[in-house]
Amino acid sequence: MSVRAALGVIGRYVFAGFVLVFFALPLLWLLTAPFDSAPSVQVSVPDFTLENFRTLWDNPYAMRSLGNSVIIAAGTMAITLVLAALASYALSRVRIPGRDTLLYLLLLLSSIVTGTAAMVPTFLLMTELGLIDRQLGVVLVLTGGLLPTAIFILKDFMDSTPRSYEESARVFGASSLQILRHVVVPIARPGLATIAVWAVVQVWGNFLVPFILLRSPEQQPAAVVMFTFYTEGGQPNLGLISTFSLLFSIPVVAMYLFVNRRYGFRFHGGIKR
Amino acid sequence: MLVIAVFLLFPAIWTLYLGLTNWRLTGLAAREPDFVGLENYTDALSDPDFRNSLLLTLVFVFFSAIVGQSILGFALAWIARKLRPALRSVVETVVLLAWIIPASVVAFLWLALLDRREGTLNALLGTDGTAWLLEYPMQSIIVFNIWNGTAFSMLLFSSALASVPPSQFETARMAGAGTFATLRDVVLPNIRGHILTNTLLITLWTFNVFAPYLITAGGPQGRTEILGVYIYRVALRDGALGQGAALSLIMIIINLVVAAVYLRLLGRDRPSRRGRKSTRERRA
Amino acid sequence: MRLNTRLGGTAAGLLAAALVLAACGSDDDDGGSGGGDPSLNADATEVTLTITDNSIVGGKNTEGAEWITNWVIPEFTAMQAEKGVDVTVEFEENGVDDEDYKTKIALDLQSGGGGDIIGIDGIWTGEFAEAGYIAPLTDVAGDAVEDWEGWEQIPEAVQQAMTFDDQAYGIPVGTDGRVIYVNKDLFAQAGLPDDWQPTSWDEIIQAAEALKQIDGVTPLQINAGVPMGEATTMQGFLPLLAGAGEEIWADDTWTGASDGVTEVLDFYGQVYGDSAYGDALLQQEAQGRDTSFAMFAAGELGMLIESDYFWRSVVNPDGGINPMPNRDEVVGWAKIPAREPGAGLDGQDFVSMSGGTGRVINPNTEFPQQAWELMMFMNSAEAYEAQLAGVPRITPRDDVNATALAGDPMLSFIAEEVLPITAYRPALALYPEVSVALQEATGAVAAGTSAQDAASEYQSALEGIVGDDGSISD
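Top line first, the protein sequences correspond to chains A, B and C.
Mind the numbering: the first sequence is residues 1 to 273 in the UniProt record's numbering, read in order.
Mind the numbering: the second sequence is residues 1 to 284 in the UniProt record's numbering, read in order.
Mind the numbering: the third sequence is residues 1 to 474 in the UniProt record's numbering, read in order.
Simulated from the structure, these hints should not be mistaken for lab results.
Misleading hints may appear alongside valid ones.
What the hints assert, rightly or not - With the C-beta cut set under 8 Å, the calculated list includes, among others, these residues of chain A facing chain B:
| hint | residue |
| --- | --- |
| 1 | V19 |
| 2 | V43 |
| 3 | P46 |
| 4 | P148 |
No experiment lies behind these values; they were computed from the predicted model shown.
No residue lacks a Cβ here, since even glycine has one placed at the ideal position from N, Cα and C.
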């Protein structure tokens, strides 16, 4: 038994080591290139410099765009989270024939809307609504695209919360919203955390929607500003791009670590017994 | 619901309508698009490039998403629970990084790794001059996509595992069940719904994946022109947006078929082993 | 149940709205195509104009963006203030891939919006004009356009870049020319002359043969294949086709699998075939063009066909992407020869291809006269001189080129020797697709297909593209 346990531990660490190498190997470039005075598409010991960071700091749009990304991502994440929690709870508790099919169809439609072919209808719609060049417009379009998936994922978590908890809460006279807030949300917390991280990541990397809907460069998020570091002929300025990518990744990783610690994927068994 | 209706249904329906026209972003067809009925669909289905692309996509989705991302993602979620917290954070962060870095940058990372002349992989393996992206193009983008997308499955399964009542693990442990038995009897019934969700989602997403284009440009000789890349070529580079819209619908129909297969394999039709009510059954 | 019905109802309502909106959309299109009334708001004293361009301070094309921000806008505003007109000029900067930029301005123009003055690539003129997004300058701004002094300074050929159906849709802003760049160090090692100038394709191959003797050196890279995109067509196929005496679009006809096309493909076969003067694998790699630049800068590549962009933005020791500190000593250039002397387009001995960018006035502008004034101002000799104070580049104006480029031998060479012999691509909506078909043909040859087979594949691809709308010669 102890041999088996030991083998298990060794296996775990070997696996973890393998995964680390596999995932970290391509990332090496991101650690060397930003500090290199003349980076190429090659991992090498950098000819150390912080010049790239200074250039970005002086760039009129680079740092501001990270702030814009935070605004757009946080806005989209918040709206998505609230609406998806309400909708998935309702869908989980109300019996409608063909409910799952409907949800899946919505999910498929969302893949059309996030595709390139839909950008024209989206653009004209936003023009009619007067939401061009406003971050709110970007948030709403992105939310529309993310919601079906968010509901789809969350519903599984809602389904697995035992109804007996709600029923006892109801006995004590709690309203539906109170039940949602005090009973269901805590139980579905890992799911909500997943959605939060997922939504931020989707928004963070989205280029097309903000690029098309926003006009002034002061409002553009980092995913769009990333493309300014190419020449007129389309050649990348690897130094600035790698440096900006590094800065670009930090907020998301920080957010993940925060969500992980605070709301955690380490949920142990529902209501404390 | 209004948000969904305005920002999802409306553009989606409009896009489907565009799929019935020869509409383009520029040129004469932008001014006066003609209603062409199902011509876009028949054109696509009779285009050998499209059929080739569809076949490549099925291979790509099966290996990179269904096999690669799901299994690796689950294994990570499973193993990470028992790792020391510090190590766990490192592993999860690295996996996450692969997911959050924008595609344009990811392309440079992988070129640095797989480059023929100065690539890290050739340096490590001593296989100087091996053009991985040209000799093993499909394998390369499959591995790339596993690297790129596993984080989502890992997150979802971590959350799913977290919502399995610990008491059940405890019971299994007391009964002396091994890892395999625990997975089969405790974990699987509890997370069946999540597995289905995860598989449906990553399949759909992988059908749309475009990032490999930045690494292989669909080549060599179209050997990595998966559907996402094909649609990009038709809709954006050739500017045939009507055709692009039609292709989106074809892709959705394929996904519907695939989803039906998944439901059969994982869903409500199969009673769970131990007769406990699984989430899927309750829905039916 | 409640949810379900509500959703259904809303969807139906939206569908109705969609149809109404779609109808409105098409009305707008019809209105936009002809240009508005040129005298609209001509006497306004409060004017707002927006310049849209694919350049951004601190990023892509930063010199152009800084020039607009720091020179054009303040100077123009001051000039107008003297006349008692209160002008606000806004600058909408972009810094993205050309295709993305094109998508964005096409969406803008389609919806009836967009900046008043928009920078575009000359090659889009045809598509945009056909779509009704832009209109001839005289329709937008009236007859005043014809009286502009600048037209005389811009050579006819350069004006062609912004012309469609014999009407000027915009003013060219820049042009370029293609040459063969050589690494003089490598040429010296191979025993080739310092002032090498081939007069036929054979002489290029002979030089490649000599360079091949040096260890670790790729003799030449002629762009081929789809991954390099338009670079394949402009820096590879089309200059060679001009050298074979043909154009891809001539006399309202697309060129099919002609003798010239086959000769060009055959030359690709010589370069990438058994002798392997060029690296065929590089042409299949997604970032092959970047790699070829890096190789040239590292002294591993002997010859490369490129435009002056390569000199200004790639190997420029001051701010280039692959800076060569000794660029001025090491980098040489030669005109692209015809297949053999006299075999080129119009019987020329040497050939080139050029692209061009320009600016158009949005037909939807509220202030057509003021927009035209700003256009003239931005294209005045004075304006170009202010712009060139930063980094010299070739302008469309002869008077400016004659003085401002004197300090840069490469750019003067292009202006004086190359522009007179150059040719332009057809600014037609179908061109991008034809270009891809050419890229596929060259890629196939580089990968080992015979020139004959690749030419006939190109012919059938072309038939698929052109369809019933045009004719093909062979």
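Given P148(A) as an interface hint, is its Cβ closer than 8 Å to any Cβ of chain B? 7 Å, holds
Chain B contact restraint for V19(A) - C-beta distance below 8 Å: This hint holds: V19(A) lies near chain B, its Cβ roughly 6 Å from the closest one there, short of 8 Å.
Hint check, V43(A) versus chain B [nearest Cβ-Cβ separation less than 8 Å]: 5 Å, holds
Does the CB of P46(A) sit less than 8 Å away from some CB of chain B? Hint violated; P46(A) Cβ to chain B Cβ min 13 Å, cut 8 Å.
The structure does not agree with numbered hint 3 stated previously, though it agrees with all others.
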